[in-house]
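Participant: Protein chains in written order, with our numbering: chain A, 6 to 246; chain B, 40 to 379.
Think of the hints as simulated: they come from the structure by calculation, not from any bench. Watch out, some of these pointers could steer you wrong.
Computed beta-carbon distance windows for the label pairs [what the hints assert, rightly or not]:
| id | chain 1 | residue 1 | chain 2 | residue 2 | range |
| --- | --- | --- | --- | --- | --- |
| 1 | A | H24 | B | D181 | 21 to 27 Å |
| 2 | B | R135 | A | R160 | 58 to 64 Å |
| 3 | A | A172 | B | Y179 | 37 to 43 Å |
| 4 | A | N45 | B | G180 | 34 to 40 Å |
| 5 | B | K184 | A | R184 | 22 to 28 Å |
| 6 | A | T221 | B | L187 | 34 to 40 Å |
| 7 | B | P177 | A | R217 | 31 to 37 Å |
| 8 | A | S66 | B | F169 | 36 to 42 Å |
| 9 | A | T235 | B | D181 | 45 to 51 Å |
| 10 | A | A64 | B | L240 | 42 to 48 Å |
| 11 | B | Y179 | A | Q22 | 18 to 24 Å |
| 12 | A | G113 | B | Y179 | 27 to 33 Å |
| 13 | A | G143 | B | E303 | 26 to 32 Å |
| 14 | B | A161 | A | R72 | 53 to 59 Å |
A short, non-exhaustive set of chain A residues, derived as facing chain B with CB atoms under 10 Å [claimed, not checked]:
| id | residue |
| --- | --- |
| 15 | M57 |
| 16 | L59 |
| 17 | R61 |
| 18 | A88 |
| 19 | A98 |
| 20 | R107 |
| 21 | L108 |
| 22 | A109 |
| 23 | R153 |
| 24 | H220 |
| 25 | G222 |
Heads up, the beta-carbon is just placed ideally off N, CA and C, and yes, glycines get one too.
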Amino acid sequence: MPEPLLSLRGVNTHIAQYHILHGVDFEVPRGSLTMLLGRNGAGKTTCLRTIMGLWRASAGSIRMDGRDITRAATPEVAQLGVAYVPENMGIFAGLTVQENLRLAARAGEPEAKRLEWIFGLFPAMKTFWNALAGNLSGGQKQMLAIARAIVEPRRLLLVDEPTKGLAPAIIANMVEAFRELKRTDTTILVVEQNFNFARSLGDAVAVMDSGRIVHTGRMDALAADGALQTRLLGLSLDSHQ
Amino acid sequence: MTMQAAAPDANRIIARIAVDWIPLALVPVLALAALPLVGSAPTWVTLTVAGLAMGMMIFMMASGLTLVFGLMDVMNFAHGIFISVGAYGAATVLTRMRPQMEAGSLAADLSAMIPAVLAAIALAGLLGWFFERVLIRPVYGDHLKQILITMGGLIVFEQLIHVVWGADMIPLPRPSAITGAFILGEAAIERYRVLAVIVGLAVFAAMWLLLNRTRIGLLVRAGVENPEMVESLGYRIRRLFVGVFVAGSGLAGLGGAMWAMYQEQVTAQMGMQVLVVIFIVVIIGGLGSVGGCFVGAMLVGLMANYTGYLAPKLALGSNILLMVLILLWRPRGLYAIGKA
């Protein structure tokens, strides 16, 4: 495995009086796509939000490329090259597709070449360039959320449940988009519940349960081990097919 | 290469932004509905211009508050003090420049009015910066504390106005060039009301351009919808908020100066007195919506003037009734912002 770009050591997170993460330890290898799996309420979203600085870790450390970002504010984390696609997509419904993308390009206007690449991944972004983002379909909103995250080259993408509520054809489009992203050597951490999606893209995997990491390893190894899937996730790949 | 080079051909764009004209159409609908009730066309013209002028002044006072509400979810009940302080700032300058204003020339009037308005904006903006830093920053995210501390701040600063400027009402001289009325057909129209409409439209146009044609405006609009996501894109929303708060306070000061010249007097309570109407406008327009605030202010201004003429006893309740009707139709206001 290559050297990790992101590493979490003993991370604890409290939200009000609730103790959500209990000493989370895992690494995201550089240039790989790591899947963070687990049942509902396992703490996956909290984990991403803690990395992003949206919730503060009460103990432990988070390091990005060797730099401690445990106490870093969200804009600081983003400025290190971390892009975040939340579960609700976080698109600005009252802004157009164009404005959503312009806002995400912190260096100024997005580069034409980069935009053409994005339009190749998600043609709907070109079609609906001047449409209000709030008027897009669910799948198009998800495409916009991801397009916004990659409008400039990023060092790390954090994506929370990109296939949630999407039709199979759109999910197939997402798979292709993530494959293309992998070809650019972007480091990606995806929270996912769709095991087929996870299996088709993941290089590495971490599985969470009750706020703890209960398994880390290679995705293909987990995909090949039905008994392990059943133990960790409550379902085996066979039951998904 | 720039983004323009890659931007899709305008002819190929399928979906375009649909502007919601219905709330805006309510303004002429309300005005035309009042015409048969008022009966006399000249009276109707006078009332309509008065209503629009009042609406524009309310818009200036309310626009900052709606952005502060929308951007950081702050309930600022102290907004009225920026109006009062702006009015006192303008009054101080105008009182000292009384000899110039009595010269009777437009140039002399402007040489008094422009510094007065600038003083109002600067004083209210400075006070806004102080409020944000000292009173509001410690209570982000806690509405109850925001209401209590901003109400407390309003009361304390009203008393401080008495200390600095005295407890008595200050009569405010209005420059001669904008005093009196002119006759249009058979309708008498006050010059000052026309000026208020022009200034209000200019402020709205400037805000529209700022919000829709600049990167700062893009950030403000995005921040009103989802501040957390703006931070996740790498922008420091707090800095933006301070800027919006100061600008909103300055606008309230401008509105206060215009309102004081309209009433030709200044009191420490004037901001507090107009605060209820401002909240009605902000709610009618949709929290965080400058366009909604603009339309809401015009509706409130017209409604207050028509009912004040037709049924004076109903004048106070008419705007509450307007708010109820609009919220029954659109529960989140005329131009609801899709907040995350």
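Participant: For every hint, state whether the structure bears it out.
Facilitator: Now for the hints, and whether the structure bears them out:
At about 23 Å, the beta-carbon gap between A:H24 and B:D181 stays in the expected band of 21 to 27 Å. Between B:R135 and A:R160 the Cβ separation comes to about 60 Å, which falls inside the hinted range of 58 to 64 Å. The beta-carbon spacing between A:A172 and B:Y179, approximately 40 Å, falls within the hinted interval of 37 to 43 Å. As the Cβ distance of A:N45 to B:G180 is approximately 27 Å, the hint placing it in 34 to 40 Å is violated.
A hinted range of 22 to 28 Å for the beta carbons of B:K184 and A:R184 is inconsistent with their spacing of about 50 Å. Checked against the hint of 34 to 40 Å, the pair A:T221 and B:L187 fails, with Cβ atoms roughly 49 Å apart. In this structure the hint that B:P177 and A:R217 lie 31 to 37 Å apart at CB holds, the actual value being about 36 Å. Our hint of 36 to 42 Å for A:S66 and B:F169 holds, since their Cβ atoms are close to 39 Å apart.
Between A:T235 and B:D181 the Cβ separation comes to about 46 Å, which falls inside the hinted range of 45 to 51 Å. Hint check: A:A64 to B:L240, Cβ distance near 57 Å, so the stated range 42 to 48 Å is violated. The hint said 18 to 24 Å for the Cβ distance between B:Y179 and A:Q22, and at roughly 20 Å that hint holds. Distance hint check: the CB atoms of A:G113 and B:Y179 are about 30 Å apart, consistent with the given range 27 to 33 Å.
In this structure the supplied range 26 to 32 Å is violated for A:G143 paired with B:E303, their Cβ-Cβ distance being about 57 Å. Our hint of 53 to 59 Å for B:A161 and A:R72 is violated, since their Cβ atoms are close to 42 Å apart. A cut of 10 Å between beta carbons decides the hint on A:M57: the least distance to chain B is about 6 Å, and the hint holds. The beta carbon of A:L59 comes within 6 Å of a beta carbon in chain B, closer than 10 Å, and the hint placing it at the interface holds.
A least Cβ separation of about 13 Å between A:R61 and chain B goes past the 10 Å threshold, and the interface hint is therefore violated. Residue-level restraint check for A:A88 holds (minimum Cβ-Cβ distance to chain B is 8 Å; threshold 10 Å). Interface hint status for A:A98: upheld, as the beta-carbon distance to the closest one in chain B is roughly 4 Å, under 10 Å. Evaluation of the A:R107 hint against chain B yields a held restraint, the C-beta minimum of about 7 Å falling below 10 Å.
The beta carbon of A:L108 is positioned within 10 Å of a beta carbon in chain B (closest approach about 6 Å), and the interface hint is therefore held. A hinted interface residue such as A:A109 counts as satisfied when its beta carbon comes closer than 10 Å to some beta carbon of chain B; here the least separation is about 5 Å, so the hint holds. Interface restraint check: A:R153 against chain B, minimum CB-CB distance 8 Å, threshold 10 Å, status holds. Because the smallest distance between the Cβ of A:H220 and any Cβ of chain B comes to about 28 Å, over 10 Å, the interface hint for this residue is violated.
About 29 Å separates the beta-carbon of A:G222 from the nearest beta-carbon of chain B, more than 10 Å, and the hint is not met.
Of the numbered hints given earlier, the model fails hints 4, 5, 6, 10, 13, 14, 17, 24 and 25; all others are met.
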